[in-house]
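Asker: Chains G and W, in that order, give the protein sequences. Going by my numbering, the first residue of the first sequence is number 8, and it counts up by one from there. Going by my numbering, the first residue of the second sequence is number 32, and it counts up by one from there.
No lab work stands behind these hints: they were computed from the structure. Here the structure is a predicted model, which is why all the values come from computation and not from measurement. The reader is advised that the hints may include incorrect statements.
A partial selection of chain W residues facing chain G, derived with a Cβ cut-off under 8 Å [as the list claims (entries may be wrong)]:
id, residue
1, 54
2, 263
3, 302
Below, a sample of chain W positions facing chain G; criterion: calculated Cβ distance under 7 Å [unchecked claim]:
id, residue
4, 41
5, 46
6, 47
7, 50
8, 51
9, 71
10, 113
11, 215
12, 217
13, 222
14, 234
15, 254
16, 255
17, 308
18, 312
We put the CB at the ideal spot given by N, CA and C, even for glycine.
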Amino acid sequence: MAHGPAKGLRRWLFTTNHKDIGSMYLWFSFAMFIVGGIFALIVRAELFEPGLQIVDPNFFNQMTTMHGLVMVFGAIMPAFVGLANWMIPLMIGAPDMALPRMNNWSFWILPFAFLMLLSTLFMPGGGPNFGWTFYAPLSTKYAPESVIFFIFAVHIMGASSIMGAINIIATVLNMRAPGMTLMKMPLFVWTWLITAYLLIVVMPVLAGAVTMVLMDTRFGTSFFDGAGGGDPVMFQHIFWFFGHPEVYIMILPAFGIISAIIPTFARKPLFGYSSMVYATASIAFLSFTVWAHHMFTVGMPIAGELFFMYATMLIAVPTGVKVFNWAATMFKGAMTFETPMLFAIAFVMLFTIGGLSGLMLAIAPADFQYHDTYFVVAHFHYVLVPGALFSIIAAAYYWLPKWSGRMYNEVLGKTHFWVAFIGLNLTFFPMHFAGLAGMPRRIPDYHMMFADWNMISSIGALIFGASQILFLYIVLDAIFRGKKATGQVWEGAEGLEWTLPSPAPYHTFSKPPEIK
Amino acid sequence: MTTATSEGTYYVPEMSKLPLLASAGLFLSVFGASTWLSGMPTNPLFVALALFIVAASVFDWGRRLTIVAGIIVFILVNAASEKIASVLTGPMILAMGVAVFITVLWSWFATVIRENIAGLNSPQVKRSYVWGMSWFIFSETMLFSVFFGALFYVRTLAVPWLSGEGHGASNVLLWPGFEATWPLMVTPDMAAHGDSANVLGPGESMSFSEAPSLWTWLPFWNTVLLVTSSVTCHLAHSAIKRDARKAFNTWLGITIVLAVTFLTLQAEEYVVAYQDMGLTLQSGIYGATFFMLTGFHGVHVLLGTIMLSVMWLRSVLKGHFSSKDSFGFDAASWYWHFVDVVWVGLFFAVYIFG
């Protein structure tokens, strides 16, 4: 395996190297993060004041829809896959991913898929405007013509995710260095193993859902049409059977990242390693039993409401185990607060806020009040932005020296953190109040009484967006001008990846390392 | 290159054009299908982009040629975009995409087979392929469970609710007179609107309850065919484990004949359904679930038949597979057993209790 990186563009187009593919995933997800962020800023600009001033309502709906789709499938998921590509082989002492060519295929599908998805915005009739959840009949009978492009884009994104997941499972199960037993694996590997399993279970369900939407739209079937004996509510059941595990797909790898960062900067081993593994598995299992809590108000037998309410609340138990374990890891630790640690601690606190508002939403009778209000928007943005996204940014700061061989500027990193932290809380915290006061989501105009909260949210969004430009600058500055990093990088870091020089050589662990 | 036959050395292939080409082929296919089904005007730039990537990769143009050619193609396509759009239709793009995709898959499998014959695949690499195929089949299982789930949901919940079961009150307002039955011959639309209904039920159903006798009932014979083919496939498997090439070729050949017979009969069933029974995709939820489940399964049988045929040709023409190494065939046979098991599920859920 002497082959090194090729020169020029060929290296990236034709690569089979997990590090190259990981970098491409990460850059792609950052690009999509900016695109999705621009969509969000258009939404926030329209909502800055009551009344319709900037965009027309149909375009507003396209922006909320595309923001959701791009952030979920284009930013968060590919970022985690990129981290998995970079880190899993390094963490388990493998020479590469198990199926390197398929690995590159999973990546290259994505730019094509998003080209197709984003191009719908310029088509006659506009792009998808039915929300990222594409409920029937909004996505069937009342959909714009471009819905077909959306359907096929989702199809190939799903194929990409499934192949990526298969690759990760095969790598973790088959490529561990001798002595790297399952219960010695870093938690990031564990959480990704379980996430990959979730992906393989639910991405085909999404594929089935979009296929039925396609059939109803173009081939006259009645899956989601009461006139022929079908049921639009069935769409919601199928969608959320995919959708709920999907939200754990976007958070379990984050748990793994936080479980790597906190011990490093607390200079203590992770508290309760095995309970973390079991908690992750429990969350994954429970995620299949709670989907209808998204549908409390749609009409369900009382037994169903109760079952899904209690099952949902049960998830707080393993999640609580994790939060307490992170807190216990920090307890009496020799803590320092470098940028990754700041993001990790913010994760623990703000994700918990999102988790607690989730518990409020889980209470079926109370959900009748909260449903489809900004309270829901506040809830899922608290678990996704300071949750999934902060963990990704933390991971980028934490492993960037290992990837690039250079340190980022600590002062700028901390500035990024504080600006982003203030921006996101300004954006999303007021949404709790607007929602509790009754402001519905997915509307371009609203009552005067919500004006103040919305103006604060919009200002916060602008601050948060601007901080990400700083992030881009910090990363580029580190790559091109940063100080050389040592192999160890962080004083308290443990794990196979830190035994390698920085930057990690193009090929690592061609001979499996010794694991004690 | 070193040969790796022991543990501890994992073959990581060198750079490959296949993934990018496969992505371009897949993109062209779905882009063509979307253009076709949506009736949107063709976007020639996207087609040109994908074809340009294919050409530049395949012919390995240097950097200078790629840039120059890229600019020229962009200007030309942009200038003539309306002309091209009027000629280039969705089905044509789809056909191009499928052609690229199939060529890439062919060359991809050929590469993997060559590597295996060259002895590059250590036992560990082979285990990766085994895991890959197993989890792929598992994902297919989940795909089928969506459609089974939809069938069970409408039968046990949606249709009874439409007729007013549970605490529903809307049925009286929306679909007065609708009664829950399965197979659903009278749709809610027909019950409520009579002759002016848009969504009509099927004329006849495929249910066993309407069959004159088991022995003249096509789905029964289809089941016999597929179950037998699973057995013959297994016999082929045991033959190759004994290195009995002749028996292997024979049993695998019989499996393929059974598979093709099944597909022919299934096509015949569809023709009868459409022409004589008034059972179409549009025949309410019964038609939708019937054709979705059996159609999806049929496509998978077709895929499995193609896999098995390739394995048969590899054995007959090239003498591939031995008792020690038969992964290609193994994977195809797992897939085959999988589609057979799905059929048994279909047979009971769609036909017997349908």
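Asker: It remains to establish, for every hint, whether it holds in the given structure.
Answerer: So, going through the hints one by one against the coordinates:
1. 54: holds (4 Å)
2. 263: violated (29 Å)
3. 302: violated (18 Å)
4. 41: holds (5 Å)
5. 46: Check passed: Cβ of residue 46/W comes within 4 Å of chain G, closer than 7 Å.
6. 47: Interface hint status for residue 47/W: holds (5 Å vs cutoff 7 Å).
7. 50: holds (4 Å)
8. 51: Interface hint status for residue 51/W: holds (5 Å vs cutoff 7 Å).
9. 71: Check passed: Cβ of residue 71/W comes within 6 Å of chain G, closer than 7 Å.
10. 113: Check failed: Cβ of residue 113/W comes no nearer than 15 Å to chain G, outside 7 Å.
11. 215: Nearest chain G Cβ about 5 Å off; hint holds.
12. 217: Residue 217/W check fails; min Cβ-Cβ to chain G is 9 Å, beyond 7 Å.
13. 222: violated (10 Å)
14. 234: Since chain G brings no Cβ nearer than about 15 Å to residue 234/W, farther than 7 Å, the hint is violated.
15. 254: Interface hint status for residue 254/W: violated (24 Å vs cutoff 7 Å).
16. 255: Violated. Min distance 29 Å.
17. 308: violated (17 Å)
18. 312: Since the shortest Cβ distance to chain G is 5 Å, the answer is holds.
When each numbered hint is compared with the structure, violations occur for hints 2, 3, 10, 12, 13, 14, 15, 16 and 17.
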